[in-house]
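S.K.: Residues per chain are reported as follows:
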Amino acid sequence: MSSFTLLFHGIQAALGPQNLLAALLGAVMGMVVGAMPGIGSLAGVALLLPITFKMNPTTAIIMLAALYYADMYGGSFSAILLNIPGDSPAIMTAIDGYQLSRKGKSGKALFSSTISSFIGGTIGIVILTFLGPNLANWGLAFGPPELAWLILFALTSIGWILGEKPSIGLLATAIGMMFATVGVDKAVGHARFTFGMQNLLSGVAFIPLVIGMFGFSQVIDMVINKSNYSNEGIKKLSLKESMLNKEEIIAITPASIRTGFFGTFIGVLPGAGATMASFLGYIMEKRINKNKANIGKGALEGVAASESANNGASIGAFAPLLSLGIPGSGTTAVLLGGLMMWGLRPGPLLFSENPEFCWGLIGSMYIGNLICLIIAIACVPLLMRVIRVPSSVMIPIISVICIVGTYSVNNSMFDVYLMLAMGLFGYIMNNSKIPAAPLLLAFVLTPMLEQYIRQSFDMSNGSLNVFVSSKISIVLIILIVTFSVVPIILKKIKKPADTIAA
Amino acid sequence: MKKFVPIFSIVVGIYWIVMGFNYEFWVRKGPGGGFIPVLAGIMAVGLGILVYISSNKDKTPIKFSFKALLPVAGIVLLILVSYVTGLVIAIALYVFLWLKFMEKYKTSKSIIIGFCTATVIYGVFVAWLKVPLPTGLFELL
Chain A
1 MSSFTLLFHG
11 IQAALGPQNL
21 LAALLGAVMG
31 MVVGAMPGIG
41 SLAGVALLLP
51 ITFKMNPTTA
61 IIMLAALYYA
71 DMYGGSFSAI
81 LLNIPGDSPA
91 IMTAIDGYQL
101 SRKGKSGKAL
111 FSSTISSFIG
121 GTIGIVILTF
131 LGPNLANWGL
141 AFGPPELAWL
151 ILFALTSIGW
161 ILGEKPSIGL
171 LATAIGMMFA
181 TVGVDKAVGH
191 ARFTFGMQNL
201 LSGVAFIPLV
211 IGMFGFSQVI
221 DMVINKSNYS
231 NEGIKKLSLK
241 ESMLNKEEII
251 AITPASIRTG
261 FFGTFIGVLP
271 GAGATMASFL
281 GYIMEKRINK
291 NKANIGKGAL
301 EGVAASESAN
311 NGASIGAFAP
321 LLSLGIPGSG
331 TTAVLLGGLM
341 MWGLRPGPLL
351 FSENPEFCWG
361 LIGSMYIGNL
371 ICLIIAIACV
381 PLLMRVIRVP
391 SSVMIPIISV
401 ICIVGTYSVN
411 NSMFDVYLML
421 AMGLFGYIMN
431 NSKIPAAPLL
441 LAFVLTPMLE
451 QYIRQSFDMS
461 NGSLNVFVSS
471 KISIVLIILI
481 VTFSVVPIIL
491 KKIKKPADTI
501 AA
Chain B
503 MKKFVPIFSI
513 VVGIYWIVMG
523 FNYEFWVRKG
533 PGGGFIPVLA
543 GIMAVGLGIL
553 VYISSNKDKT
563 PIKFSFKALL
573 PVAGIVLLIL
583 VSYVTGLVIA
593 IALYVFLWLK
603 FMEKYKTSKS
613 IIIGFCTATV
623 IYGVFVAWLK
633 VPLPTGLFEL
643 L
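If you read the protein sequences in the order shown, they are chains A and B.
With my numbering, letter number 275 in the first sequence gets 275, and the count goes up by one each step, no holes.
Residues are numbered in my numbering as their position in the second sequence, beginning at 1, plus a constant of 502.
If we strip away everything but chain A, and leave its shape as in the complex, we get:
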């Protein structure tokens, strides 16, 4: 049977009342969970998993999958409105999204994120439909050396792009790498940089770090520079004025399509995840978009790039999960547990032995993505009211969200103290014009980098050749050199030319 026929049957199954309700419930919960700092998709899926025990596998996976990709929609809400990314994939969304909010364009930012999330998700679903198993095989071509180069590419690029000078962005990257090495070294079992504190044995937790550096540092800035947060000078746009006009839709569409494709392919890579996809998608648009000069300063294209990429990646992660039984992220690892629980064995035979399950899931993604779009657009008028709350009220409320969101990760007050310290540090960094995003990216990616470097040397018995032995590695090395060295050379060539012209 052709893919179209199978997809048609899948959509028919997904439109059944039970499955439709499951998709709706998953979508709503995913958006709520995604919007709340400290509660990511992993916690949401883990919370819903027990409820699915009594459901049939198709309905269960439809609900959990809907929660996972709806989480990407929700993560952008708090990023745009409060500068607190709901989940790590929304970090890049916060950069442009919050600046748009401060300019009174929160509605436009929310609409941009919603539409681009839909575009990215749709692209991911279409690719999954027709190329699912092939996509997984492509992901397998990336071994530890290739993944190590990909991470280095991300680290050098984001440090280069953000910050007034490359040295500043890269300094933030270096600090993030140092923070990431705190805790027990999983390969060897020795504690590193814990200063004798038991709470640091598992390392610096990500949520206190991100909530502190983005959210609480924001609170500190609000207390000191209250006038900057006054809503008086900001024109309050009505709902109609907040909708994207034709030019704005035309502006965000190419970015959404490009990063949707890109994010899907990154999401396929085991361990890469939506966070790396959103970072890399953002970097790509910062390089090639027509409006690249404004990306990072409050551009709709910046929001679109990040959101489309992370939604594409969340769908792409299903390709290795279903075809090979390899989870692409922490959340899909929990989904894998669910599949085993329902008696299904992910792998090449899953599509042939359980077609109604696989195609029902893929069919439901089309419907679920549409449900997410409708719900998110319906929520925009309500969400726009948040930005009109005076900063004097936002200060204690955001503080409280930071505390509870941080505490809920490990039920530990130590994390809250850590969040406060990171908040102060983040405030000092902001004031010194040192961006926080490279630090957070380095923090997320450094453990993976270390793991892949170790695995590469294990594979090659200590030989460095493993890092230059594949075409993918060579391409990535060329990209790193091109993106890092060429701008410096061009700058040096341009300087004497400007001097001569003067």
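Be a bit skeptical, because a hint or two may be false.
Lysine-lysine pairs mimicking PhoX-like chemistry, simulated, CA-CA at most 20 Å apart [unchecked claim]:
1) K559/B to K433/A
2) K165/A to K505/B
3) K569/B to K226/A
4) K565/B to K505/B
5) K606/B to K226/A
6) K165/A to K559/B
7) K602/B to K226/A
8) K565/B to K433/A
9) K103/A to K240/A
10) K292/A to K165/A
11) K186/A to K531/B
12) K433/A to K505/B
13) K565/B to K226/A
Simulated from the structure, these hints should not be mistaken for laboratory data.
Guided by the hints, dock chain B onto chain A, whose structure is given.
M.R.: Positioned in the frame of chain A, the structure of chain B alone reads:
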């Protein structure tokens, strides 16, 4: 203040390099526990020096305002109070006191906002997500 981050990264970077070699930089045929810390430390020290030098050229003064410690102090007090009253009640008190005394809101408005905030926190995190927030001395009941 703009020199704080480069100085921090130089000092911490040097520490990371020294400790990194203690954790073993290279073991048999692969990186040891100190491999990434040493590399990160070297990056931090080198870039910290570069940024420090360039910050000397920028004459714009940026001072640290001790007002930055106000929300930190407020939250530390909230945490201390939570050991007695539980976190939810401490949150209500914190919001009320901040709005009343820092933002000069009316008492009634401050109470309402404090109560609503605590209710939403309780509803979402405790009742729905079952996060075991501290209950203070109420745990003994």
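S.K.: Now tell me, hint by hint, if it's right for this structure.
M.R.: A quick look at each hint next to the structure:
1. K559/B to K433/A: holds, 15 Å
2. K165/A to K505/B: holds, 16 Å
3. K569/B to K226/A: holds, 11 Å
4. K565/B to K505/B: holds, 10 Å
5. K606/B to K226/A: holds, 14 Å
6. K165/A to K559/B: Cα-Cα ~14 Å, so holds.
7. K602/B to K226/A: Distance of about 17 Å is within 20 Å: holds.
8. K565/B to K433/A: Holds, at about 13 Å.
9. K103/A to K240/A: holds, 17 Å
10. K292/A to K165/A: Judged against 20 Å, a Cα distance of about 16 Å means the pair holds.
11. K186/A to K531/B: holds, 18 Å
12. K433/A to K505/B: holds, 11 Å
13. K565/B to K226/A: holds, 17 Å
Violated hints: none; the structure is consistent with every hint.
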